[in-house]
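Q: Sequence:
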Amino acid sequence: MSFKTTDAANNNKDVSTLPYLDGSNFGHWSLKMKIHLRSRDLLDVCEKKIPEDASTSQANKWSKASYEAIDIITTRLVEKVFCEVVNEETFADSYLLWNKIIEQYASKRAVNRGRIWMEWQRFFFDGDPQNYIDDCRKMTMELESVNIKVPNDLLSFSLLGKLGGDRDLHQFVDSLTLNKELIEIPDIILTRLQDYANLHKDRNSPFTKNSTALITNINEPHKIVYFCKNGKHNEKCTSHRKEECWAENPHLRPNRKNKKRKFYQESAHLSETQALITTQENQTNETNTLIVDCGATNHMFNSIKPFVS
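Quick note on numbering: the sequence shown equals residues 853 to 1161 in this note's numbering.
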């Protein structure tokens, strides 16, 4: 049984790189914390009880390592979490403290599973591709921490479905969803999204902007439209030149009423011509001719006589 000893300065420097446990990120926090504790030979005192046959010297070393592990863990807890897991029993025993944290935030209790699943449902693309990919990986770890098992294909569809974007991005997403082999491996889907983001980071693509159709950038100014009125041209109006302005030159405005009247006149002439042709055909035939407009639903007959020769 051996433990590494470190000075306080190095300890604080290394710990500052660890995330804080806020109650919603246990999967990500615990993974980094385990790596850190293992590098100091402190993970065993968190996951195991002190051996019953330990000698006095070994027990003293175990206790010292336990206190050091407690110090590292508690410095990376937000105040709310600290108050929930640290008490008179856990503040002096790293094994009890570690298991209290697991019980509180990583157990398979309905409250934990429900909380993490609802966070996953509310999670969407925020406009930053790198943040989205990183958050996706963190959220999948949170799902695993409470044993929420989502089929790989559904998880991939969900990752892609949370994206917004233009037609190019939609085509890229469609190409992934149609690939049965890729869709079964969510990690590869995230890798392909990373490649797409790197490829389009210098292009004008919604996937690489800070705003999407789902999230509106309130800092972006609204477009102002200027109009000409009262017989004067508005210099701020850029849709036409002053000499083309209808407000100053009313005679340039097209007469829409004349166009509309001309259209109706042409339609009337056409109807009259069709009627004359039909009348002429009826006059030349010796027998009465019945003309049925199959496109009109109001032509109904309650007798079969017109169809019998």
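Calculated from the structure, these hints are not laboratory results. One thing to keep in mind: the hints can contain errors.
To be verified - In silico DSS-like links for lysine-lysine, alpha-carbon gap of 30 Å or less:
# : residue 1 : residue 2
1 : Lys900    : Lys1001
2 : Lys1053   : Lys1094
3 : Lys990    : Lys886
4 : Lys932    : Lys900
5 : Lys1084   : Lys1053
6 : Lys901    : Lys952
Q: Of the numbered hints stated previously, which ones are contradicted by the structure, given in increasing order?
A: Failing hints, ascending: 2 and 5.
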